Each structure stands twice: as C-alpha cells, then as structure tokens.
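Start from the sequences and build out the full structure, keeping to the hints where you can.
Residue numbers (my numbering), protein chains in the order written: chain A, 107 to 408; chain B, 26 to 291.
The set of hints was computed from the structure by calculation and includes no laboratory data. Treat the hints loosely; a few may be bogus.
Estimated spans, in silico, between C-beta atoms of each pair [said to hold, decoys possible]:
#1 ARG238(A) to GLY210(B): 30 to 36 Å
#2 ALA221(A) to HIS241(B): 55 to 61 Å
#3 PHE217(B) to ARG238(A): 36 to 42 Å
The model shown is predicted, which means the values in this text are computed figures rather than measured ones. Here a beta-carbon is modelled for each residue, glycine too, at the ideal position from N, C-alpha and C.
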Amino acid sequence: MSEPAVEIRDLRKSYGRQSVLDGVELTVPTGALVALLGPNGAGKTTLVGIATTLVRPDAGSVRVAGFDVVRQAEQVRRRISVTGQYAAVDEVLTGVENLRLMGRLSGLGARDARARAQELLAAFDLEDAAGRRVGTYSGGMRRRLDLAVSVLVPPAVLFLDEPTTGLDTRSRLALWQVIGRLAAEGTTILLTTQYLEEADQLADRVTVLDHGRVVAEGSPAELKSRVGGEVVELRDDLDRVLREVPTDGTLAGLRRVVDGLDEAAGPGTRVGLRRPSLDDVFLQLTGRPAGAAAPAREEVLR
Amino acid sequence: MSTAVPVVGAPPARQHVSALTAHLVLVGRSLRRSLRDVEALLMAVVLPVALMLVFTYVFGGALDPGGGYVDYVVPGIVLTCAGFGASSTAVAVSVDMTSGVIDRFRTMPIPGAAVLTGHAVASLARNLVATVVVVAVAVAVGFRPTAGPGGWLAAAGLTALYILAITWLFTVIGLLADGPEAANGYGFALLFLPYLSSAYVPVDTMPGWLRPLAEHQPLTPVVDTLRALLLGDGTGEPLLATLWCLLVLVLSYAAAAWLFPRRRRR
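Okay, here's the thing in structure tokens:
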C-alpha cells in the first residue's frame, strides 16, 4: 500500500517558552476524513500551519502526500489545499473572478480555469452570486467559495481549519453537506474543529488534541462510548442548571439517573436531555473542562 | 456537487506554474482591484488637480504676481500626486498581509512575493495614467514646458523611477504596519515630504534651520531635475536625483524581500 496522506511523528513546536505542540502523532490514510478535535489553544491551527508549510516545526517529522513539509515544501504545495478559518478570498473581486484567478495560479490554462469556475459555482450553489463582489457575500457563501477555490484542482490532501467556526446553523449544515460530498468522492481531508458534533457527522477517525498533546484517538463511535451517552440536565424555574449527570445511553441507565434526581427536583424544576458536548468529552478524557489550564509542565519546571 | 470531478485515490500533483505566469496573473489581480476602487482612483486624479488649481489660482498670484508660478509648481504637483497615488499600495499590501489571502498564496507553489510585485506594477500603471491627466490639466491652465522629445522622455523616465521607488517604500510600510489603518497613517507622514522641498517654494526662502533638511532630502533634486528637464532652467541634478531614486528603490525592495517571508498573520 502507498504511504498515508499525512503522517506526523513526534511533532513539537514552541513559541518562546510556550509549548504549543508537544509530541503529536497523527496519521491520515489516503481517502479518509480525519478530524482533529480540540478547544481553542489546543494547537490545531499550528499543526495545520506546519502541515501546510506555513510554519516550521521545532522537531519531529511531518510528511504530506509522501513529501517532507520542510525539505520538500514545494512538492507538498503542489499537492495540498487549505481552507482556513479566515476565508482566503479577495473581497474586491467577484466570485467568478476569484475562481478564475486562483485557477490560473493552480496551473489551469485560461480556458480551463473559466470552465472549472462555472462548474464549481454550480456545484457549490453560488451561481446566482457569481458576478457579485465577494465583499457582499454572507459568511457561509465565503466559506463555500473558499472551499471551491481549494478544489479547483483536486488536492491530494485538503486541510480544513475550523471551516464552520462562526457560521450560523444553516450555513454550517450546508457546508457539512459539501464537505461530506468531497469526502465521499475520495478526497483525503484533515479537518480541525471545536465541535464534537462536526467530527461526529463528518469524520472516519477523530484525534482529540489538548494543550498540544493527543489525549484520545478513535472512531466517533468509540470516542462517544468513552464519554458516555446523553447527559441529563436538571434546571430550576429560572432555567439555571442544577445538575448535569452523564448517562451510559441505555434506557436502564437513563432511568437510574432520572430516579437519582428525585431529591434534587424541587417545585418548578424541569428535566432535559442533551447530547454530550466537547466539554463533556474533555471532562471525561482529561478530568477538567475544555480550555482550562493544563497541569502545566512549565509551572512545575519553573 | 454532482458535476465535481470524482477523485479516486490520490490525484496527481498540480501543473507547474511559471514565475512569469504567477506574476502576470497577480499583476492582473492588482490592476483589477485598482480599477474597482473608484473612490481611490478618483482621489488619485482629483486631489492633485485640485491642489494644482489652488496653488495656481489662489497662492500663485501672491507667490509670483507675474503668473509664472504654474510653471514652477507643476513638477512638484506631479511628484506629490505620485506619492499620493502610491500610498494606497501600503494599504493594499497590508490588507493582503492581514487577511487569509496571503496564507493561501503561501501554501501554493508560486513565489509568494509575486503578490507584492503585482501591487507595485499596478501602482506604477495607475500613477502614470494619473500623471498624464495632471500634466494635461496643467497645460490647460497655462503650464508651458519648453522641453523637446528627449526632455519629455527623460522626465517621464525619472517620474516612473520615482513612482517605483516610493511604491516599494510604501510596500515596506504596508508590510510593517499592524493593519490597513496603521499603514494608511504611516504612509500619510511621507506625503508631507514635498512641502519640505523645493516643490512649492525655492529652498532659499525657507528659514535657515529648515534649509539643510529641505536641500538634502531626496525630493529636492528630483523636483529640480524634473523642472530643469521640462522647462530647461538648468538647475537640475539628474545624477543625484537618479541615484536617490535608485537608492530608495533598492533599499525598499531589499527590505520588502526580507520582511515578506518573516511577517506572519496575527
């Protein structure tokens, strides 16, 4: 078999004394969609920066599409695309101009770039807005255009760095659909996200990153089974959360939890059921809420 | 999505894009952006024209009751106009550097600095057009250059060199600034230089403490040379003017080339 699309071994990166990536291991098989799940500050964007040749690693090896990102950056750049958190499209130009420009820079001839632009505008539901300046686009439309730019020439690896952060639910769903289709067509994708639901919806494998370290790895189902099932919430009459109790997802387990809430349930309290959030995953995997300070090694060392 | 090309296995690498193609495409991008920004384009022409009319009709009578001030001031206006027009390069570069666009270019197999060259060439084109308009209006209000074809050609060459030099200087400002607003602010300071030169009044009419600065700053030899070329009054220092422009151009270009890979977003 050919080597994995992305292979990261013992990757380390610090900014000054701040360790951002602390020995990360990650593999993305060709054709798979792997999600890198973690809170703000976990090191996701730095990892994508290194894998896309923007940031130099301190130590470790990162191979993308079979090439080393430091020594063979040019070869890597000919095989990847990145859609980041900040849409990399030109606001002054129209949608179709953006696509044609980037098509030319991706090695398409003028005629091919024009044809491919039309094709992608249709595919990404942007035909009506094709002739409008991108400055007038909604957040969701910009991300879709950005994604279209990324697949002008199909990349060996597509990096999606928090592609839906800041989008409303409807735009998020539309983008999920597009990403899902790309993945179904065989595009290899490394996606970073803060949302467990996003990883759950899209990914074949999930790697959970926290303070620059991998804290869990597995399929979405495996991961969720470690976290447990739905969470029972008890709220008072002012809608403040009184209790949050994880369940194992079974009927009997749920009944046990609900029975156990009898004493806490005063007049006016209501009970609800919600899916586990990233916070629950983190609480479960690291023993502390997402984004809380790590049992900092630096502080111990000082 | 139904029309997207299905991918089986890892697709092949992208076609190689020549540096020339990358530069041409990015020059096209910057030119298109310039044409889109109607306000900036209007300002680049209207402001210098207004400035010229004010200096000719309002101050001109007091400065030279004989009406010859228009001949004196036009070369200075041309350079002021070029500086003003080039200043938008700082903003354009800063916008690119602080948005996701630059990271996109950097992850592609193209020379990333072609983005800067694109802005510089667009600035040159924009300002040459503005200069032609300004000179045409100047002639309409009484500017009477005596230069022959050679003089005009040399004047155009020096003006182009000056535009390029100041454009790359503004590019460096755009690279250094934290954002477009800051780039605009720093750039503004440079636009005062013409007033502290021989552009509007002869240096020997300035107070003694200001004279050394006005005499030895790069704009004075450039303005004097432009005036000499167009009007043949013989006060030009073509060698010094050219060297100043080349020095600024080379230093700015080197600074931009050094800064570009080192400036990171955020």
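The hints, checked one at a time:
For the pair ARG238(A) and GLY210(B), the beta carbons lie near 31 Å from each other, so the given range of 30 to 36 Å is met. Between ALA221(A) and HIS241(B) the beta carbons are some 58 Å apart, a value that agrees with the proposed interval 55 to 61 Å. For the hinted restraint 36 to 42 Å between PHE217(B) and ARG238(A), the CB-CB distance of approximately 39 Å keeps it satisfied.
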